[in-house]
Amino acid sequence: MKHRLLIPTRGRRAIPRAQRGQAMAETVVIVGSALLFAFWAINMIGHLSDVRDRTEAAARYAAWERTVYYDDNGWAPKYGNAATKSDAAIRSEIAQRVLGRGTKIDRADGTRNQLPSSEEPMWRDIAGNTILQKYGDLQVSHNVGGTGTVADKALNALGSLSGIGAGFDLPTKNQQSASVSLRVAGDSPSLVALWPNWAGVTFSDRHVLLTNTWTPDGSNNAKSVIAGAVPTAKGAVLDYALDVLAPAAIDITTLDLGRIQPDVVPADRLGNK
Numbered sequence: 002m003k004h005r006l007l008i009p010t011r012g013r014r015a016i017p018r019a020q021r022g023q024a025m026a027e028t029v030v031i032v033g034s035a036l037l038f039a040f041w042a043i044n045m046i047g048h049l050s051d052v053r054d055r056t057e058a059a060a061r062y063a064a065w066e067r068t069v070y071y072d073d074n075g076w077a078p079k080y081g082n083a084a085t086k087s088d089a090a091i092r093s094e095i096a097q098r099v100l101g102r103g104t105k106i107d108r109a110d111g112t113r114n115q116l117p118s119s120e121e122p123m124w125r126d127i128a129g130n131t132i133l134q135k136y137g138d139l140q141v142s143h144n145v146g147g148t149g150t151v152a153d154k155a156l157n158a159l160g161s162l163s164g165i166g167a168g169f170d171l172p173t174k175n176q177q178s179a180s181v182s183l184r185v186a187g188d189s190p191s192l193v194a195l196w197p198n199w200a201g202v203t204f205s206d207r208h209v210l211l212t213n214t215w216t217p218d219g220s221n222n223a224k225s226v227i228a229g230a231v232p233t234a235k236g237a238v239l240d241y242a243l244d245v246l247a248p249a250a251i252d253i254t255t256l257d258l259g260r261i262q263p264d265v266v267p268a269d270r271l272g273n274k
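Quick note on our numbering: the sequence shown kicks off at 2 and runs consecutively.
Please note that a few of the clues may not be correct.
DSBU-like mimics (lysine-lysine), calculated; alpha carbons at most 35 Å apart, straight line [what the hints assert, rightly or not]:
| # | residue 1 | residue 2 |
| --- | --- | --- |
| 1 | Lys154 | Lys86 |
| 2 | Lys154 | Lys174 |
| 3 | Lys174 | Lys224 |
| 4 | Lys224 | Lys79 |
Treat the hints as calculated values from the structure; they're not laboratory data. Computed from a predicted model, the values in this text were never measured in an experiment.
Please take these sequences and the hints and turn them into a complete structure.
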């Protein structure tokens, strides 16, 4: 007959343990949220970078226009009807030609005074709202002045001589400075969500060119400008002196003092007819 040996054992207590994987899940959620905001921010920085590039291009456009078109200054009207263009016209052209997408250049661009009909897709926030909201957010101005160097003194000296009929009446204000500012995203809830202190951003750029938009109209006006540097061209007194000296030297009557011939075409450039 077999007997079983029963060995009494004490009951074991279950040791409480934390659930595995919980910390990892929390980390993934936190890091994922941070990366999501980072990607949104990087995306918007790219959009704003494009606005910055367009602002620079707009300032270049405004400066180069001043190499061809005057503002309403006092020199050009004396020697013809020089082409003029106001800051308001250049501002309107920038809105259509620089800020627009796929717009064709039109003669009426300088008078539209509004934002382009087709906006740049990059110029939207993460919610799809446009960041350039009104035409007044684009500002254009320019300044005309001297060079601030010793050249100004020389030109001023020539100008003073022209006052007595013996110098060039030159356009001395040849430094053209064009400034453009562009304010975007002034009221964007999505950007406020990214950056709580967001209140919009303004990009500004300025370009300076030293140029000489000297455009007297026609030969007669060019002659009027040059004549100031040729005192003998104002030769009423000299003509009288030559008449007095003519009996003593007959050849003196053949002198053609102060002769000015603007726009003379060399003979080898002329055609047969």
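Evaluated hints:
Annotation: proposed proximity of Lys154 to Lys86 holds, straight-line Cα distance about 29 Å (limit 35 Å). As the CA atoms of Lys154 and Lys174 are separated by approximately 12 Å, the hinted pair is consistent with the 35 Å bound. Under the criterion of a C-alpha separation no larger than 35 Å, the hint pairing Lys174 with Lys224 is consistent with the structure, at around 21 Å. Under the criterion of a C-alpha separation no larger than 35 Å, the hint pairing Lys224 with Lys79 is consistent with the structure, at around 12 Å.
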